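Student: Given next are the chains, with one letter for each unit.
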Amino acid sequence: SQTIHQWPATLVQPVGSPLSLECTVEGTSNPNLYWYRQAAGRGLQLLFYSVGIGQISSEVPQNLSASRPQDRQFILSSKKLLLSDSGFYLCAWTRGTMVGSYEQYFGPGTRLTVT
Amino acid sequence: QKEVEQNSGPLSVPEGAIASLNCTYSDRGSQSFFWYRQYSGKSPELIMFIYSNGDKEDGRFTAQLNKASQYVSLLIRDSQPSDSATYLCAVMPRTDSWGKLQFGAGTQVVVTP
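Chains A and B are the protein sequences, given in the same order.
Throughout the first sequence, residue numbering follows this note's numbering, covering -16 to 98 in sequence.
Throughout the second sequence, residue numbering follows this note's numbering, covering 67 to 179 in sequence.
Think of the hints as simulated: they come from the structure by calculation, not from any bench.
Some hints could be false.
[Claimed, not checked] Calculated lysine-lysine pairs in the DSBU-like style (CA-CA distance at most 35 angstroms, straight line):
1) B:K166 to B:K68
2) B:K122 to A:K62
3) B:K166 to B:K122
4) B:K108 to B:K133
5) B:K133 to A:K62
6) B:K68 to A:K62
7) B:K68 to B:K122
8) B:K108 to B:K122
9) B:K133 to A:K63
10) B:K133 to B:K68
11) A:K63 to B:K122
12) A:K63 to B:K108
[Said to hold, decoys possible] Covered stretches of chain A (chain B as the covering partner; in silico rule of three or more C-beta atoms under 8 angstroms from a C-beta of chain B):
13) -6 to 4
14) 28 to 38
Source: prediction; values computed, not measured.
Each residue gets a CB set at the ideal place from its N, CA and C atoms; glycine is no exception.
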């Protein structure tokens, strides 16, 4: 069965500090991967998605970036955090639309507070 | 107009009753539809998906899709206190959208004993 991991689970960072959040998927190959942010009391905002190693598409211009160094690893980064970056960051995967599978599954999330 | 709309609630449902959640979407070409359950402080959990017009049943959950009316609903039968959560409707606009989903803001459901 497939499993998705995210770490850290909780993070408190000062404004202007760097950020690195990691997501890994087990039990599948060549998944589509997604980063979402959910601000307090708000809906899910898609930040980045990736259909393969090194292939990243950005949905929202901001001070965040994403990388996919390995097939099942997805990293969200920032060089300098802003207060508005606080939120619940969720990684998700799907087996890939090429195989006609569109169901998307979420990891446990990282709760980020920027102080 | 929001792309995916849901009533924010809270929807108060007596234990044992049927909870009915509605979702409308704006892109007539949308192909795939999903319902997620999100407990407070937790990540969303996929509970139903539906790709064709009509009803799809899974245990106490039934998803209903009407593409002509651009409407998808979720019924929860025999509601339990453990069903108290926020339910997110998600829509995939087209098959070539790389699986990107558009989410509604969610409907909060409160099941009262």
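Student: Each hint: holds or not?
Tutor: Taking the hints in turn, this is what the structure says about them:
1. B:K166 to B:K68: holds (16 angstroms)
2. B:K122 to A:K62: The given pair, whose Cα atoms are some 46 angstroms apart, is violated under the 35 angstroms limit.
3. B:K166 to B:K122: Answer holds: K166 (chain B) to K122 (chain B) is near 22 angstroms, not above 35 angstroms.
4. B:K108 to B:K133: holds (31 angstroms)
5. B:K133 to A:K62: Not OK: K133 (chain B) and K62 (chain A) at ~44 angstroms, beyond 35 angstroms, violated.
6. B:K68 to A:K62: Given that 35 angstroms is the threshold and the Cα spacing comes to 32 angstroms, the pair holds.
7. B:K68 to B:K122: holds (26 angstroms)
8. B:K108 to B:K122: holds (26 angstroms)
9. B:K133 to A:K63: Violated, at roughly 44 angstroms.
10. B:K133 to B:K68: holds (17 angstroms)
11. A:K63 to B:K122: Roughly 46 angstroms separates the two Cα atoms, so the pair is violated.
12. A:K63 to B:K108: holds (26 angstroms)
13. -6 to 4: violated (count 0)
14. 28 to 38: holds (count 3)
When held up to the earlier numbered hints, the structure conflicts with 2, 5, 9, 11, 13 and fits the remainder.
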